[in-house]
Amino acid sequence: MDVALFVPCYVDQLYPQVGLATAALLERYGATVHFPEAQTCCGQPMANSGFFDDARGLARKMIEVFAPYEHVVCPSGSCTSMVRNHYPDLLPDDPGLVALRGKTFELCEFLHDVLRVRPQGRFGHKVGLHQSCHALRELRLGSGSERLVAPFSKIRALFEGIEGLELSRLDRTDECCGFGGTFALAEEAVSCAMGRDRIADHERAGSEMITGADVSCLMHLEGLIRREGKKLRVLHVAELLEEATR
Amino acid sequence: MTGHAGRAAAFVGNGARLHWHDQAVWFVRNKRDVARGFIPEWEELRSLGSQIKAHTLSRLPEYLEQFERNAAAAGAKVHWARDAEEHNRIVHGLLRERRVTRLVKSKSMLTEECHLNEYLEAHGVEVVDTDLGERIVQFRREPPSHIVMPAIHLKKEEIGELFHERLGTPAGLSDPRELTEAARVHLREKFLEAQAGLTGVNFAIASTGGVVVCTNEGNADLGTSLPPLHIACMGVEKLVPSPRELAVFLRLLARSATGQPITTYTSHFHGPRPGAQMHIVIVDHGRSRILGRPEFRNALKCIRCAACLNTCPVYRRSGGHSYGVAVAGPIGSVLAPHVDAKKHAGLPFASSLCGSCSDVCPVRIDLHHQLFAWRGELARRGLLSWHKRLVSRVAAWVLARTWAYRIAGKLLRVFGPHVPNPWTRQRDLPPMPRQSFRAQWRKRVRAR
Numbered sequence: 000m001d002v003a004l005f006v007p008c009y010v011d012q013l014y015p016q017v018g019l020a021t022a023a024l025l026e027r028y029g030a031t032v033h034f035p036e037a038q039t040c041c042g043q044p045m046a047n048s049g050f051f052d053d054a055r056g057l058a059r060k061m062i063e064v065f066a067p068y069e070h071v072v073c074p075s076g077s078c079t080s081m082v083r084n085h086y087p088d089l090l091p092d093d094p095g096l097v098a099l100r101g102k103t104f105e106l107c108e109f110l111h112d113v114l115r116v117r118p119q120g121r122f123g124h125k126v127g128l129h130q131s132c133h134a135l136r137e138l139r140l141g142s143g144s145e146r147l148v149a150p151f152s153k154i155r156a157l158f159e160g161i162e163g164l165e166l167s168r169l170d171r172t173d174e175c176c177g178f179g180g181t182f183a184l185a186e187e188a189v190s191c192a193m194g195r196d197r198i199a200d201h202e203r204a205g206s207e208m209i210t211g212a213d214v215s216c217l218m219h220l221e222g223l224i225r226r227e228g229k230k231l232r233v234l235h236v237a238e239l240l241e242e243a244t245r
Numbered sequence: 000m001t002g003h004a005g006r007a008a009a010f011v012g013n014g015a016r017l018h019w020h021d022q023a024v025w026f027v028r029n030k031r032d033v034a035r036g037f038i039p040e041w042e043e044l045r046s047l048g049s050q051i052k053a054h055t056l057s058r059l060p061e062y063l064e065q066f067e068r069n070a071a072a073a074g075a076k077v078h079w080a081r082d083a084e085e086h087n088r089i090v091h092g093l094l095r096e097r098r099v100t101r102l103v104k105s106k107s108m109l110t111e112e113c114h115l116n117e118y119l120e121a122h123g124v125e126v127v128d129t130d131l132g133e134r135i136v137q138f139r140r141e142p143p144s145h146i147v148m149p150a151i152h153l154k155k156e157e158i159g160e161l162f163h164e165r166l167g168t169p170a171g172l173s174d175p176r177e178l179t180e181a182a183r184v185h186l187r188e189k190f191l192e193a194q195a196g197l198t199g200v201n202f203a204i205a206s207t208g209g210v211v212v213c214t215n216e217g218n219a220d221l222g223t224s225l226p227p228l229h230i231a232c233m234g235v236e237k238l239v240p241s242p243r244e245l246a247v248f249l250r251l252l253a254r255s256a257t258g259q260p261i262t263t264y265t266s267h268f269h270g271p272r273p274g275a276q277m278h279i280v281i282v283d284h285g286r287s288r289i290l291g292r293p294e295f296r297n298a299l300k301c302i303r304c305a306a307c308l309n310t311c312p313v314y315r316r317s318g319g320h321s322y323g324v325a326v327a328g329p330i331g332s333v334l335a336p337h338v339d340a341k342k343h344a345g346l347p348f349a350s351s352l353c354g355s356c357s358d359v360c361p362v363r364i365d366l367h368h369q370l371f372a373w374r375g376e377l378a379r380r381g382l383l384s385w386h387k388r389l390v391s392r393v394a395a396w397v398l399a400r401t402w403a404y405r406i407a408g409k410l411l412r413v414f415g416p417h418v419p420n421p422w423t424r425q426r427d428l429p430p431m432p433r434q435s436f437r438a439q440w441r442k443r444v445r446a447r
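In the order they appear, the protein sequences are chains A and B.
So the first sequence is numbered by numbering that gives the first Met the number 0: it starts at 0 and just counts up by one.
So the second sequence is numbered by numbering that gives the first Met the number 0: it starts at 0 and just counts up by one.
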């Protein structure tokens with residue numbers, strides 16, 4: 000199966016190890032991985048700030064770049080949701096968009112729903128799962144605490160075959176970390192207060208590390224953790240699974 | 000820093016209080032989770048509520064006229080107000096005609112929105128809010144900080160001090176029961192002295208012409224049972240077609256608001272009591288404008304339960320007053336710009352767009368998508384700052400060109416840690432990798 004990697008700009012530049020882990024993981028489960036080098040950014044930062052006109056050109060570029068591929072996989076729930084849920088507002092009449100939306104997947108949902116793998120391996124740590132909001136509430140990777148539906152979590156399902164991996168029990172299972180894109184800067188005070196509260200919850204629950212499907216949330220949490228000299232580690236789900244199934 | 004972000008920063012500055020406020024409000028979100036857990040069909044009920052509201056809004060003029068006819072048949076008089084000003088004038092006119100100088104009020108977010116109290120006081124009418132929380136904030140001469148719990152931002156000790164000053168309770172008294180008792184005694188006098196009672200309206204029933212008011216304190220009933228004049232104020236969106244549909248909302252409202260199966264009092268008013276008069280003031284104040292904007296129309300489904308405030312991680316950590324409008328939180332941030340987009344341009348940005356609000360909403364308002372849409376609307380109208388516009392434009396130019404993006408990325412990795420920026424005031428940057436993913440990928444491909 001051919002898979003084109005959609006690597007978010009900040010992952011490309013600041014967290015290359017997450018891109019590499021994503022590729023390695025997909026290859027381990029039999030995919031042939033491509034990285035179309037013309038890609039840059041999905042345009043979410045501009046759209047998130049209100050500048051839809053600026054984001055529109057980038058959305059067109061995304062459609063063009065990924066046109067030749069069968070599947071597009073991204074290690075970010077938020078960037079995937081941008082394509083799936085917000086591009087239609089930007090490009091309501093673009094014929095190429097239907098195809099792109101239909102074939103773009105967040106990594107965990109691709110592993111869970113398309114490749115249908117249940118990773119087997121070992122990871123001897125107590126891990127706190129950070130449910131990034133867009134993966135949870137826009138892509139529905141899990142049931143979420145607000146809705147009264149049968150509980151499920153695609154990420155937890157991917158962890159089920161990993162021996163030794165213990166998930167910590169948080170007081171607030173899916174509260175936002177406060178990153179929120181440009182919110183992290185525009186509302187710095189609230190953003191950081193939210194992040195500190197998440198970290199405190201993980202510390203109380205005894206998490207050794209925090210994992211999640213979005214590096215952006217993890218970058219925000221890691222920034223606070225490092226500044227305050229705390230012991231917690233953060234790592235993306237791709238890194239965790241890649242290491243566990245090695 | 001001004002606007003929401005500035006006020007929120009001040010709120011966050013008091014760490015202990017911040018934590019207390021967050022926990023107090025989160026407690027109510029938890030109670031809501033427990034209460035809805037007893038209703039297996041909860042999600043269907045939400046859909047039904049949303050659909051009934053969509054239907055009602057789609058033929059609002061007919062339902063409003065039907066309501067007016069039936070209310071008149073029951074003996075009430077209906078008045079129409081285009082905006083807050085006209086609403087205030089009508090209410091004052093009704094009071095003036097009857098030489099009313101003492102009015103008791105039960106909770107009404109609409110009158111907060113219209114700043115009725117200030118208007119009436121300026122015209123010599125004593126207004127007493129009879130909801131305990133409302134009375135507390137009224138004593139402090141500040142607006143409510145929450146739709147359902149107006150004084151949630153205050154601790155019992157502060158209320159003790161306030162009551163000591165205003166009601167003469169013993170200094171240092173902070174027992175909630177004793178404080179409530181003192182308020183009861185005080186309010187009882189006000190009820191007895193009142194010449195008119197004003198209530199809000201939770202639901203107005205088109206087929207019967209009746210209005211329904213939900214309270215936990217019974218203050219709407221007391222305020223309307225004694226004086227000879229009852230004025231009920233409502234926004235045009237409060238309509239439901241018939242009592243059948245009302246039942247759906249009564250099941251949703253209290254569970255979403257406070258985690259109660261139903262409010263202690265659900266009072267139905269169909270016309271005045273014998274010997275009294277009932278007037279209903281129906282207000283537009285920007286609502287028909289919202290109705291005319293398809294992407295924002297759903298906001299009119301709101302039943303003011305405040306579940307979106309209770310779940311909002313930003314509301315809990317910035318307090319209701321940080322929004323600078325009568326209705327705070329996510330719903331307030333999508334409604335306020337319709338009234339004055341320039342003044343409230345910061346509110347759609349007072350959200351991390353986490354989407355929790357949309358998932359708790361009992362009538363499925365797509366709140367976080369509306370916040371997102373508002374950001375676009377504000378940019379389109381040129382109401383965002385020029386420097387934000389410039390940053391976005393430059394970033395889009397760079398990102399549209401792969402070569403420029405690569406250079407910018409390299410510059411970020413080399414110089415980023417040395418340039419002061421708002422990210423690093425409270426957070427570290429990650430260690431900068433020497434090579435980007437794409438550079439490492441290229442090497443890997445070549446090595447094959």
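Think of the hints as simulated: they come from the structure by calculation, not from any bench.
Where hints are given, some of them may not hold.
In silico contact screen, one side only, chain A against chain B (beta carbon under 8 Å); selected entries [as the list claims (entries may be wrong)]:
id, residue
1, Q12
2, L13
3, A37
4, F51
5, G56
6, Y68
7, L114
8, F122
9, S144
10, A185
11, H219
We put the beta carbon where it would ideally sit given N, CA and C, even for glycine.
Check your understanding: If you check each hint against the structure, which ones fail?
Key -> Violated hints: 6, 7 and 8; rest satisfied.
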